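Chemist: Whenever a hint applies, use it, and build me the whole structure from the sequences.
What follows is the residue order along each chain.
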Amino acid sequence: MNHDTLAIAHRTLLDPAGLAGGDLDRVMGQLLGAAVDAADVYLQATRYEAWMLEDGIVKEGSHSIEQGAGVRAVSGEKTGFAYSDEIALPTLLEAAKNARAIARQGAPGRQEIAGADRPPALYLPIDPLQSLSEEDKIALLKRLDEECRQIDPRVEQVCVSLSGSHEVVLVIGQDGAVHGDVRPLVRLNVSVIVEENGRREQGSSGGGGRTDYRYFLEEGRASSYAREAVRQALVNLEAEEAPAGTMTVVLGSGWPGILLHEAIGHGLEGDFNRKGTSAFSGRVGERVASPLCTVVDDGTLPGRRGSLTIDDEGTPTSCTTLIENGILKGYMQDKLNARLMGVAPTGNGRRESYQHLPMPRMTNTYMLAGPHDPEEIIRSVKKGLYAKNFGGGQVDITSGKFVFSASEAYLIEDGRITRPVKGATLIGNGPDVLTRVSMVGNDLELDTGVGTCGKDGQSVPVGVGQPTLKVDGLTVGGTRV
Amino acid sequence: MSQSTLPPTEQTQLSQLESLVADCLEEASRQGATGAEAGVSVESGLSVTARLGEVETVEHHRSRGLGLTVYIGRRKGSASTSDLSRAAMRETVAAACRIARHAAEDEYAGLPDPDLLATEFPDLDVYHPWEPEADTAIGIAIACEDAARNYHPDIANSEGASLNTFQGFRVMGNSLGFLHGYASSRHSLSVSVIGERDGEMQRDDWWTVARDAADLEVPEEVGRKAAERAIRRLGARTLSTRQCPVIYAADIAGSLLGHFVGAIRGGNLYRKSSFLLDHLGKPVFPEFVQIHEQPHLRKALGSVPYDAEGVRTAPHYLARNGVLESYVLSTYSARKLGLKSTGNAGGVHNLIIEPGELDLPGLLRRMDTGLLVTDLMGQGVNLVTGDYSRGAAGFWVENGFIQYPVEEITIAGNLRDMFKGILAVGNDVDLRGNTRTGSILIEKMTVAGN
Numbered sequence: 001m002n003h004d005t006l007a008i009a010h011r012t013l014l015d016p017a018g019l020a021g022g023d024l025d026r027v028m029g030q031l032l033g034a035a036v037d038a039a040d041v042y043l044q045a046t047r048y049e050a051w052m053l054e055d056g057i058v059k060e061g062s063h064s065i066e067q068g069a070g071v072r073a074v075s076g077e078k079t080g081f082a083y084s085d086e087i088a089l090p091t092l093l094e095a096a097k098n099a100r101a102i103a104r105q106g107a108p109g110r111q112e113i114a115g116a117d118r119p120p121a122l123y124l125p126i127d128p129l130q131s132l133s134e135e136d137k138i139a140l141l142k143r144l145d146e147e148c149r150q151i152d153p154r155v156e157q158v159c160v161s162l163s164g165s166h167e168v169v170l171v172i173g174q175d176g177a178v179h180g181d182v183r184p185l186v187r188l189n190v191s192v193i194v195e196e197n198g199r200r201e202q203g204s205s206g207g208g209g210r211t212d213y214r215y216f217l218e219e220g221r222a223s224s225y226a227r228e229a230v231r232q233a234l235v236n237l238e239a240e241e242a243p244a245g246t247m248t249v250v251l252g253s254g255w256p257g258i259l260l261h262e263a264i265g266h267g268l269e270g271d272f273n274r275k276g277t278s279a280f281s282g283r284v285g286e287r288v289a290s291p292l293c294t295v296v297d298d299g300t301l302p303g304r305r306g307s308l309t310i311d312d313e314g315t316p317t318s319c320t321t322l323i324e325n326g327i328l329k330g331y332m333q334d335k336l337n338a339r340l341m342g343v344a345p346t347g348n349g350r351r352e353s354y355q356h357l358p359m360p361r362m363t364n365t366y367m368l369a370g371p372h373d374p375e376e377i378i379r380s381v382k383k384g385l386y387a388k389n390f391g392g393g394q395v396d397i398t399s400g401k402f403v404f405s406a407s408e409a410y411l412i413e414d415g416r417i418t419r420p421v422k423g424a425t426l427i428g429n430g431p432d433v434l435t436r437v438s439m440v441g442n443d444l445e446l447d448t449g450v451g452t453c454g455k456d457g458q459s460v461p462v463g464v465g466q467p468t469l470k471v472d473g474l475t476v477g478g479t480r481v
Numbered sequence: 482m483s484q485s486t487l488p489p490t491e492q493t494q495l496s497q498l499e500s501l502v503a504d505c506l507e508e509a510s511r512q513g514a515t516g517a518e519a520g521v522s523v524e525s526g527l528s529v530t531a532r533l534g535e536v537e538t539v540e541h542h543r544s545r546g547l548g549l550t551v552y553i554g555r556r557k558g559s560a561s562t563s564d565l566s567r568a569a570m571r572e573t574v575a576a577a578c579r580i581a582r583h584a585a586e587d588e589y590a591g592l593p594d595p596d597l598l599a600t601e602f603p604d605l606d607v608y609h610p611w612e613p614e615a616d617t618a619i620g621i622a623i624a625c626e627d628a629a630r631n632y633h634p635d636i637a638n639s640e641g642a643s644l645n646t647f648q649g650f651r652v653m654g655n656s657l658g659f660l661h662g663y664a665s666s667r668h669s670l671s672v673s674v675i676g677e678r679d680g681e682m683q684r685d686d687w688w689t690v691a692r693d694a695a696d697l698e699v700p701e702e703v704g705r706k707a708a709e710r711a712i713r714r715l716g717a718r719t720l721s722t723r724q725c726p727v728i729y730a731a732d733i734a735g736s737l738l739g740h741f742v743g744a745i746r747g748g749n750l751y752r753k754s755s756f757l758l759d760h761l762g763k764p765v766f767p768e769f770v771q772i773h774e775q776p777h778l779r780k781a782l783g784s785v786p787y788d789a790e791g792v793r794t795a796p797h798y799l800a801r802n803g804v805l806e807s808y809v810l811s812t813y814s815a816r817k818l819g820l821k822s823t824g825n826a827g828g829v830h831n832l833i834i835e836p837g838e839l840d841l842p843g844l845l846r847r848m849d850t851g852l853l854v855t856d857l858m859g860q861g862v863n864l865v866t867g868d869y870s871r872g873a874a875g876f877w878v879e880n881g882f883i884q885y886p887v888e889e890i891t892i893a894g895n896l897r898d899m900f901k902g903i904l905a906v907g908n909d910v911d912l913r914g915n916t917r918t919g920s921i922l923i924e925k926m927t928v929a930g931n
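Chains as they are written, first to last, in this note's numbering: chain A, 1 to 481; chain B, 482 to 931.
Hint data in this document are derived by calculation from the structure and do not stem from the laboratory.
Just so you know, these numbers come straight off a predicted model, no measurement behind them.
BS3-like mimics (lysine-lysine), calculated; alpha carbons at most 27 Å apart, straight line: (1) B:K706 with A:K455; (2) B:K821 with A:K59; (3) A:K142 with B:K753; (4) A:K455 with A:K329.
Modeler: Have a look at this one:
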């Protein structure tokens, strides 16, 4: 299988351009010089498609091809970078010359291009776009539309979107190692508008992963997204004004793990910590969470949206412990920041495409299960908020302040979940929010495969997860004082 | 039909792109499309970042793209590619046609009404190419960062300063005979620094952007402002939960107009996903509020001669005397609503809310006691219901004067009430972006804190 991956990458990226190993050797030779500490060439070809249903018909679809090469030379903390959407020897040599200008002195070095050790693949080198016929893709969307409408007559609008991508990459490092990866990714989303007595509310649900479209047909997944979207929208029809102020908040399992992504994940990316701009800088070994909390970033989970067999610098991904029993253990690293901080890369060097520079990014970030029964957690709260589902979030790395917005929430009164309340933004301080985690559920769940993370204008697919958590004191941004 | 003022080499490049678009439309027809629309863009630029007085990254950008939409009767398909070779173009046409053959008949789908296509192309003065040597660009970034770092002893660290240049061409055409292209440029300089005092760190930034590099703020000014903004955040506290008036500072007030535009965008209206459904002709803001679009302002960031479908753009009111006067429509969404396109395929172009009499200190005096918000976080805005809840940071104001910085709070309300509750728009207009507004004072919102 590993051999296949590299062979597919060669066939897709090098053969059409008439490039061979000797040509890559020349490009690398052009890049390397005495003052160059690191260099790489990243070749990528991605085909993407999307189909969209609304008003009961599949009214449009789109298809895109994106391919090109990014060439990078690093000298100390300095990086030179150039890219081209043409994969051909003259343009690669030109890009290498531009990238290398960052390191001014030194004679060009030479490096033999060779195969590299490869970790076991976490997904098959398949093309999801071919996994269903166009007729079957359309039939799936139409079936979900009908299912949503059958669940409840208050369903007014249904939008269903299906997308898939097939990405082939080849990374050539300055050590001469060549790494290939073939990365399938699919995503299905259902969103509905319900209407009752002139009041309209929305609900949405979806999932996906590094697999093909048949995943949605298995285990009734697609239908479960439809039911979940309608259920959420109907709950919101009943929602009252959300409370405002600091209170005990119980966070649901799964996607609410976006708390971890925002509150601590970004703050533990190597670049911010090398530069000393993170609220977590220089705090390894310190207590940043209650002893109940162990948090990892794990890029090695088979088939998950945030997983990668190798990162975009060719480093195998790993499971990195960020917080162990409340103590800060380490950071997520790409090659540049690992070298400058004198530690090993963790397989977190990721980039949106060949047009962007890699940087430390999360993969799948989650908290391990704890000892408490989720029902026991709810019962322990006299007055508070149960936030079951969320939209997006954001963090200010430097001050540590983070937000994430609930899309489904309920009041907890005397140990019982009572009335639904409108969505509200929750705000907290990353370095101390987890110190207020007083109970951790035994129900660890990962999200269904919907996350996209943005940093410095670059988007990458990620995963999150957590068990049910109780936080003693988080600010809830409702309207009811 | 090309821009008349371009130098000969650019003119040649533009002509080549026009031929490519024409060929693409012809190929679409050959492959069975009954209508087609195609666009090509070519962009190049340089980005440099300097941090702590040294160059950090030098990035050379060069990208191209071809996008195509075909119609086979009332069936639609789209495709795009970053490869502009003839073979890739033919494959892209084939992909779009294949999708269209599978898509459902949609009676509203199709090219724009021919009488709405642009026929005049005013010179918007948006092309001022600038290709500095990397060393020159690095020097500017370092000067900017130096000014920030030397502003105050509490500026302890830096995320760096970046200079970005960009120039490119865009050509679009359709099978109704529309074919036009133009060149544009955009240059920006930004810096982000960190203030530190008593173990507390606060980051802030400033940026300048312009079509013409000569119109950028000088690097030292950009640096000074960024540092001033980071320093003034130090010593931030939270607030107790309360209801009070709120001022949105000019550089973030545009987000409120963004939510307004989102709620009157055709797509959200025909999907019934807007709290401003059926509000045409009804008051949405107080009577003094005038909001209009000025797509033909010379040198402005949002200026375009026509929208993403080739439909002509023209100045028009979205809200006049507080009353919603126009939706924001593309050809498709307009047909779904039984209306005409407003030339807004792809968005609005230079959105302007007319400034009032007061500057920011005047607005603070008018508010007397309340919250000045200078930073917003998160996406807690529901356009279906208008419910609004976002993270915020800023300053607590009493007796018309700033008292202390605040953070880790949220501000919440419903956009319907917030729009009606606008008490004043400042004259401190931020001219940098596609939305031009002064600071906005809102009568009452809920602030949640400790």
